[in-house]
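For the sequence shown, our numbering gives the first residue as 81, with consecutive numbering after it.
To be clear, the hints were calculated from the coordinates, so they are not data collected in a lab.
Treat the hints with care, as some may be off.
Unchecked claim - Ranges between beta-carbon positions, derived for each pair: (1) GLU221 <-> ASP144: 22 to 30 angstroms; (2) ARG123 <-> ALA175: 47 to 55 angstroms; (3) LYS226 <-> SER323: 47 to 55 angstroms; (4) GLN172 <-> LYS336: 19 to 27 angstroms; (5) LEU217 <-> THR365: 15 to 23 angstroms; (6) ALA337 <-> PHE364: 17 to 25 angstroms; (7) PHE364 <-> GLU221: 16 to 24 angstroms; (8) ASN263 <-> GLY232: 49 to 57 angstroms; (9) ALA110 <-> SER314: 14 to 22 angstroms; (10) ALA295 <-> ARG123: 13 to 21 angstroms.
To be verified - Here are the computed lysine-lysine pairs in the DSS-like style, where the Cα-Cα straight-line distance is at most 25 angstroms: (11) LYS140 <-> LYS234; (12) LYS234 <-> LYS224; (13) LYS154 <-> LYS224; (14) LYS319 <-> LYS224.
Note that the structure is predicted; figures quoted are calculated from it, not measured.
We put the beta carbon where it would ideally sit given N, CA and C, even for glycine.
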Amino acid sequence: MELHIWPSDFGLPAIDVSSLQFLACSKMCASPVRVVQSARPWRSPNGELPMVAQIDGNAKPVTDFEKFVDILKKCGQDVVIDADLTTIERAQLDAFSCYLHHNLYPAVLHTFWADDLNYNTVTQYWYASHLHFPYNLYYLEKRKKKALRMLGGKNDTEILKDAFMALNTLSTKLGDNKFFCGNKPTSLDALVFGYLAPLLRVPLPNDRLQVQLSACPNLVRFVETVSSIYLPLSEDELKRQQSNRKMWQSRISKAKADKEAAKTTEEAAEAIPDEPPMRDAILFTIGALVLSVAFAIHTGLIQVSVEEEIAE
């Protein structure tokens, strides 16, 4: 099998959630999968990566995580993913997977695709630089619209509230364990790693979700454990990523500075009272004069006399 994933960056073997989930799951069971870093999503049947191309020429490429897990279980390698789980644990795994998809995944999508500052600073620049023109414009627009549809119009506060609760739930479930179901990794660990690793490693100017994740030290330790054991980077990847680090630091610093400047300008504008338009001021003055004269005539302060001309 060949596993086609997005290229590596930011200390990760891929920056895409699904690519990391597929890759982590294959490595956790020592599957003989050939990993191909690609920036050609159009080769996939759904126009997205990751994609698993099977050796059997008649077999369709696989883009669904659950189907990929089923394939791994039938590959015949010594380590079979999820083999030691009981029926109850399998049911819990399915429930947890569904819970994360509905509560944590929307926040990940929002962080990278719906947050304008993060999107313009990191997401758009990264994908545009890895895809050729003009396909990069089409892909970014398509991917952004898809993310917004999945968010379903939920507001930022609601999305973050659900994500914070999901992170706390994950932290409680993991506890002091190495993995979520004991000392052996499962497909749930691969799923969770795919969600958390980009949040932890990719630098972002709007980092509210990153801050919340960093406040859960056992989840941070989990990401570092999976990265070091199953997904270590090669020397060439480390050197290439190191060469881009200053560029990304510069972009993030500039975005944060612009954000603070815009915030300061907005606060200063709110502190200045609004001045009425000149037209309103003139009309108000004329109206006040008319009322003053009318009042003066009515009270006798001003008397108006009418003289008739006498014809000779």
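Status of the hints after comparison with the structure:
Range check, GLU221 to ASP144: Cβ separation about 24 angstroms, and the 22 to 30 angstroms hint holds. The supplied range of 47 to 55 angstroms is broken by ARG123 and ALA175, whose beta-carbon atoms lie about 34 angstroms from each other. Against the hinted window of 47 to 55 angstroms, the Cβ-Cβ separation of LYS226 and SER323 comes to about 32 angstroms, which falls outside the hint. A C-beta distance of roughly 40 angstroms is found between GLN172 and LYS336, which places it outside the suggested range of 19 to 27 angstroms.
The hint said 15 to 23 angstroms for the Cβ distance between LEU217 and THR365, and at roughly 55 angstroms that hint is violated. Distance hint check for ALA337 and PHE364: the Cβ-Cβ separation is about 43 angstroms, which falls outside the suggested range of 17 to 25 angstroms. At about 50 angstroms, the beta-carbon gap between PHE364 and GLU221 misses the expected band of 16 to 24 angstroms. The beta-carbon spacing between ASN263 and GLY232, approximately 38 angstroms, falls outside the hinted interval of 49 to 57 angstroms.
For ALA110 paired with SER314, a C-beta distance near 18 angstroms keeps the hint of 14 to 22 angstroms intact. One distance hint, 13 to 21 angstroms for the beta-carbon pair ALA295 and ARG123, is violated here, with the actual separation near 40 angstroms. A C-alpha spacing of about 35 angstroms is found between LYS140 and LYS234, which places the hinted pair above 25 angstroms, so the restraint is violated. Straight-line distance between C-alpha atoms of LYS234 and LYS224 comes to about 15 angstroms, which keeps the hinted pair within the 25 angstroms bound.
For the hint linking LYS154 to LYS224, the alpha-carbon distance of about 35 angstroms lies beyond 25 angstroms, and the restraint is violated. Our distance criterion of 25 angstroms between C-alpha atoms is broken by LYS319 and LYS224, whose separation comes to about 31 angstroms.
When the structure is compared with the earlier hints, violations turn up for hints 2, 3, 4, 5, 6, 7, 8, 10, 11, 13, 14 and for no others.
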